[in-house]
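Go ahead and model the full structure; you've got the sequences and the hints to work with.
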Amino acid sequence: KAGVTQTPRYLIKTRGQQVTLSCSPISGHRSVSWYQQTPGQGLQFLFEYFSETQRNKGNFPGRFSGRQFSNSRSEMNVSTLELGDSALYLCASSLGQDIYEQYFGPGTRLTVT
Amino acid sequence: DQQVKQNSPSLSVQEGRISILNCDYTNSMFDYFLWYKKYPAEGPTFLISISSIKDKNEDGRFTVFLNKSAKHLSLHIVPSQPGDSAVYFCAARGAQKLVFGQGTRLTINP
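Protein chains in written order, with our numbering: chain A, 6 to 118; chain B, 3 to 112.
It is worth saying that the hints were derived from the structure and are not from the lab.
Some hints here could point you the wrong way.
To be verified - The calculated label-pair distances, taken between Cβ atoms and stated as ranges, are:
| hint | chain 1 | residue 1 | chain 2 | residue 2 | range |
| --- | --- | --- | --- | --- | --- |
| 1 | B | Ala43 | A | Gly101 | 28 to 36 Å |
| 2 | B | Gln4 | A | Lys18 | 23 to 31 Å |
| 3 | B | Ile20 | A | Leu88 | 37 to 45 Å |
| 4 | A | Gln22 | B | Val80 | 43 to 51 Å |
| 5 | B | Lys58 | A | Gly21 | 45 to 53 Å |
| 6 | B | Pro11 | A | Asn76 | 37 to 45 Å |
| 7 | B | Met31 | A | Gln22 | 15 to 23 Å |
| 8 | B | Glu17 | A | Gly21 | 45 to 53 Å |
| 9 | A | Arg72 | B | Val80 | 28 to 36 Å |
| 10 | B | Pro11 | A | Gly8 | 22 to 30 Å |
From the three backbone atoms N, C-alpha and C, an ideal C-beta is built for every residue, glycine too.
The following block contains the structure:
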């Protein structure tokens with residue numbers, strides 16, 4: 006069974022631009038979560054989707070948004086990029102409505118210049 | 003408000019010895035705990051988990067201990083191997099989301 010895939014793997018943007026990241030969960034998984042990882046901060050929770058509905062949102066500004074499609078694929082969007090948005094963005098999927106183990110993709114490394 | 007804390011940013015252990023990684027949490031509503039391992043340029047990989055109704059779970063070389071009264075979680079790796087060198091994250095589940103610690107970088111020395 007294929008794992009979680011994320012595209013693109015690397016991205017360089019300039020301040021003020023917007024970016025869209027994509028995540029394809031493991032086949033059959035219906036929950037997708039997004040995290041931001043920066044040095045020394047661990048994994049900061051962005052949001053979680055289940056069956057196209059956002060169930061949970063972390064403490065990030067409204068510039069960060071996401072959505073989930075009927076095939077469980079998910080996208081996250083960051084508008085008006087700031088230098089501090091440079092980070093590794095990780096997507097994780099889990100099987101059902103209750104979140105137990107999450108399976109992570111390799112991440113998208115975003116650099117904002 | 004850091005609800006899950008890993009107070010040791012790094013740990014160095016000799017090959018063959020025991021590695022002990024620690025994690026503290028503040029929210030008594032957490033009901034499920036997990037450990038992940040992360041190599042550079044890869045996403046975290048699930049290692050082992052434990053429910054809050056248990057105090058120990060073992061899987062091969064990995065054992066997780068939970069002390070609910072102290073709100074403390076630990077991961078024991080015995081014996082430690084060079085391939086165990088990675089960043090380890092503990093995570094706790096609450097309100098249908100996982101809260102992660104900052105990570106501990108484990109280095110296994112030959």
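A quick look at each hint next to the structure:
A hinted range of 28 to 36 Å holds for the C-beta pair alanine 43 of chain B and glycine 101 of chain A, which are about 30 Å apart. For glutamine 4 of chain B and lysine 18 of chain A, the Cβ-Cβ distance of about 29 Å falls inside the hinted range of 23 to 31 Å, so the restraint holds. Taking 37 to 45 Å as the suggested C-beta distance range, the pair isoleucine 20 of chain B and leucine 88 of chain A conforms, at roughly 42 Å. A hinted range of 43 to 51 Å for the beta carbons of glutamine 22 of chain A and valine 80 of chain B is consistent with their spacing of about 49 Å.
At about 52 Å, the beta-carbon gap between lysine 58 of chain B and glycine 21 of chain A stays in the expected band of 45 to 53 Å. In this structure the hint that proline 11 of chain B and asparagine 76 of chain A lie 37 to 45 Å apart at CB holds, the actual value being about 40 Å. Take methionine 31 of chain B and glutamine 22 of chain A: their Cβ atoms lie about 39 Å apart, and the range 15 to 23 Å is violated. Range check, glutamate 17 of chain B to glycine 21 of chain A: Cβ separation about 49 Å, and the 45 to 53 Å hint holds.
Restraint check, arginine 72 of chain A to valine 80 of chain B: a C-beta distance of roughly 44 Å breaks the suggested window 28 to 36 Å. At about 28 Å, the beta-carbon gap between proline 11 of chain B and glycine 8 of chain A stays in the expected band of 22 to 30 Å.
In summary, the numbered hints that this structure violates are 7 and 9.
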